[in-house]
Amino acid sequence: MLSNKPGYGAQLELEARDVSVRLIQDAADLLAQTIDILVQRAPSIAAAAACEMGSIVLALHFGDGSNATLSARLNSLAIARTQANATVECFFNDLSLVRLYDLELRPSQVLEQGAFDVRGPADQVLAVWRTFRLLSQRAAGLRPVQSLWRAYRLARNLNFEVPPKDRIHEPGPGSDPPDAAALLRDSESVHAQSASVATTRVLWDRNAGQGWWTFGGPQDADLFDVMEVCRRHVADKIFALIPNRRPVDSLYGLMREYPERGGKGLRPTLCVATCGAFGGHREDAVLIAAAVEMFHNAFLIHDDIEDESIRRRGKRCLHTEHGIPLAVNTGDSLNLLAVETVLRNIDGLGLARTLALIEEIIHMCRESLEGQAIELGWIRKAVVPTRDADYINMVSKKTGWYTTRSPCRLGAIAAGHTRPYELDLIGSVFREVGVAFQIQDDVLNLLGEEGLYGKEALGDLLEGKRTLMLIHLMRTITKGERTELLRWLSSPRDDRSLTESREVLHMMTRNGSIEYARGAAAKYAARGAQLFEKTLSFIPESEDKAILRQVIHYVNTRML
Amino acid sequence: MSSGPFTKLPFSDVLERRWLHYAFITVDGRQAMIANFAMLGDENGAEPTQTSVLLMYHRDHGWTCSQWHAQQGRELWTSYGSRAFVPVDPLEPNFEVQSLAGTPSVSLRLTGTTTPAPAGVGHFHGTHWKRWQAQPGVLATGQWADGMAPSRQTAAVGYHERVHGRWGWPEMGGWVFGFCNQLADRVEGPPNWAVVFALLQPRDERQNHRAMVMLWRRGRMVLYIPRRGVRVSVAGQLPRDRVLATPGLARLLDTSATAPIPAALCIDGYQGRDWIQINYRCRSAARLVVPSETSFQPFSVHEVVGDMEVRVRMRDSNAVFTSPGIVEFAGGASERTWSALQ
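First to last, the sequence lines map onto chains B and A. Okay, so the first sequence: first residue is 3 according to my numbering, each after it adds one. Okay, so the second sequence: first residue is 523 according to my numbering, each after it adds one.
It should be emphasised that the hints constitute simulated quantities derived from the structure, not laboratory data. Incorrect hints may appear among the rest.
To be verified - Non-contacting residues of chain B with respect to chain A, defined by C-beta distances greater than 12 Å in every case (computed): (1) LEU76; (2) LEU186; (3) ASP392; (4) ILE541.
Claimed, not checked - Sample of chain B residues at the chain A side, in silico, Cβ under 10 Å: (5) PHE118; (6) GLY122; (7) ARG135; (8) LEU136; (9) GLN139; (10) PRO173; (11) ASP181; (12) ALA184; (13) ARG187; (14) THR201; (15) TRP206; (16) ARG208; (17) GLY211; (18) GLY213; (19) PHE217; (20) SER544.
For glycine and all other residues, C-beta sits at the position ideal for the given N, C-alpha and C.
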């Protein structure tokens, strides 16, 4: 059957919608909220801006008297309301501030006398200008950013807004080119795919043209919305696949527990977006994404038992709630259901692709189990590796495969691409991303808000996890401290107190281990981003590729 | 020497192509059919390779497609050349095409009602060229079986085109072609309005694109706007879920992804005080994957169904019509080749 029904996959299409806006206190707050949105929803834009900024510290002064300091930090932007030693100073009045972010104005229209002023060394002023241009061209295309700035304009009564162009204009020698984007804005049933705003591309302007298949620059997407849609859609699929039979209390009900607690939706997003980026239907990747999530939840149940964890996704772990035997059995059942779900792809994708999916799943499970075995072995033997490379090897196996590499490879296979070279290319990019993800996960376990992060505070220290911070700490402390710390790590979990864990955390902070790990996560994410643009240039630009681009920077800027 | 739609001269090489193209939309606007019959040259002067494909769309059921060897019942109707096939019996079909599998298939009686457009010609990449000639307002009545809905007698209005040229797909770059006939409840005579547009986009030749917009009023062409009066713009991306790769075999062969096709297309043009404005919203698309003789990356012709609104000002009076239309977004062979990666 070759038909694709209209609306097929429609559940994975996003409706374009405005985003509710918090109260904006002043211009500096407007900028701070903008940076928040970028870091949360489109981290690759923040990373690109950070790349332009380099080491510049930019003092911003606004017409309403508010001030802020903008700088780049670990592949992202950081904004502070305090004054710092700036290398470049910048002044905006209200009008130039909002005009800078208006997609319909050219930069030259922003520069009015006294409205905008930048001072500093020439090369740094140019870098700041490139940053502003990048933000105005890419960030302003995000619907939440537009909502925020519109709210600011309305609150300040800055009614300079360019009136919407009349779609019915009279073409003639001096008329504006037809505005195709207006056609999408007018429609109620706009299928935006992401919250980025469609802009018009002129293919032929009476003198010169550009191919319809070309795009001016990298595409952007609203990762926050996409992840939520993918997570929800795949979770619905999982619930539909869990058998509606008995025993409920001791098996099938328990299988629903971890999926019901939510999650970030990273794996489903990678699966679905890669499938789309490789030209497949997003819906074709949903079953395999559900299978990966089932494996993930089964691994978590077993992992929580092996690590003696207490909390998972904001609630008590399954084994602490229902006992180890039932938890083990539930994990086994989720694994079985995952295998069954992979096989269900035969109907939709055919035998060849399903076989390729099975092969990839087997590989994924094997790598994950090997990675877990390496870590459990270290704990069992009371060993802390001395080289970062050992840790990187462990996490790229334990986490890298089933969190980032395999979801991407499975998405590509679902789209019909089974060439090993092609799969290895995307795998190599997301290996770096997977490492960055795990390092950031380890950092969040120590520093993240428990309510947001969902696991017990300092859980990794209590469980004796071999993290990059711990390895760095062991390298930097004295021999005596090292012996003492190793002895503490060798003791049973129940003998390790929260107070002692806090002391280890203080040691890590004092010795720069946390910053070291954050730097390493940023380095791996940056390397992934570089590889992404270099080696995956054969994938045409699309919304789906834009989602993958955002994920690369999300992994080391995420807060949960 | 010409007899039939094309010259009888033998093909010169593997890049030479001759096509007959047909596209129809049923009068209720719910179904569409696209068919293409191509003769491709051979390097050794052997008989040309022939391919034929039949693609059908149903608003409720989506797309269905034959492989590249759909069977044709007899010589196909065409309005071009001196030997157009005219059956004696006015009800006898003159356009019969079916997939080897049986469906999709059509058995139609075609009738031309409009004057064909003047031919458009594009030269590019030194010796490559493409010549095309279009005719809207072709009426079709007969049996229509897409294998998804029950076979039925139907009436449709469409478009016919002949294409002749010599080009490589990477050098070709791509194109945007489209048409719209104002649909009426009954198929009698030419449509009130019809519009055809073309934009040929040779690779790496930004100023050598060819563009034209043509308008027909009750069968007569009344407006022709050449490229210096035409502008074309697009916006958005049609979600991948609304694009189906065809023929079915293409989905099994690791076919490379192409750029997403736009979700909206706007064209305007003027000639003196007359002007035209075309707004098109894409609804669904089938991607016909065409193997390329000279590159690893295939060429993709996206046949897109959607809704068109046409606004016209002619001789100081205004007109507007809306109707379903078919647009082709074609290209992709010139994207980075797989061999370059390795």
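Which hint numbers does the structure go against, in order from smallest to largest?
The structure conflicts with hints 2, 4, 5, 6, 7, 8 and 9, although it agrees with all the remaining ones.
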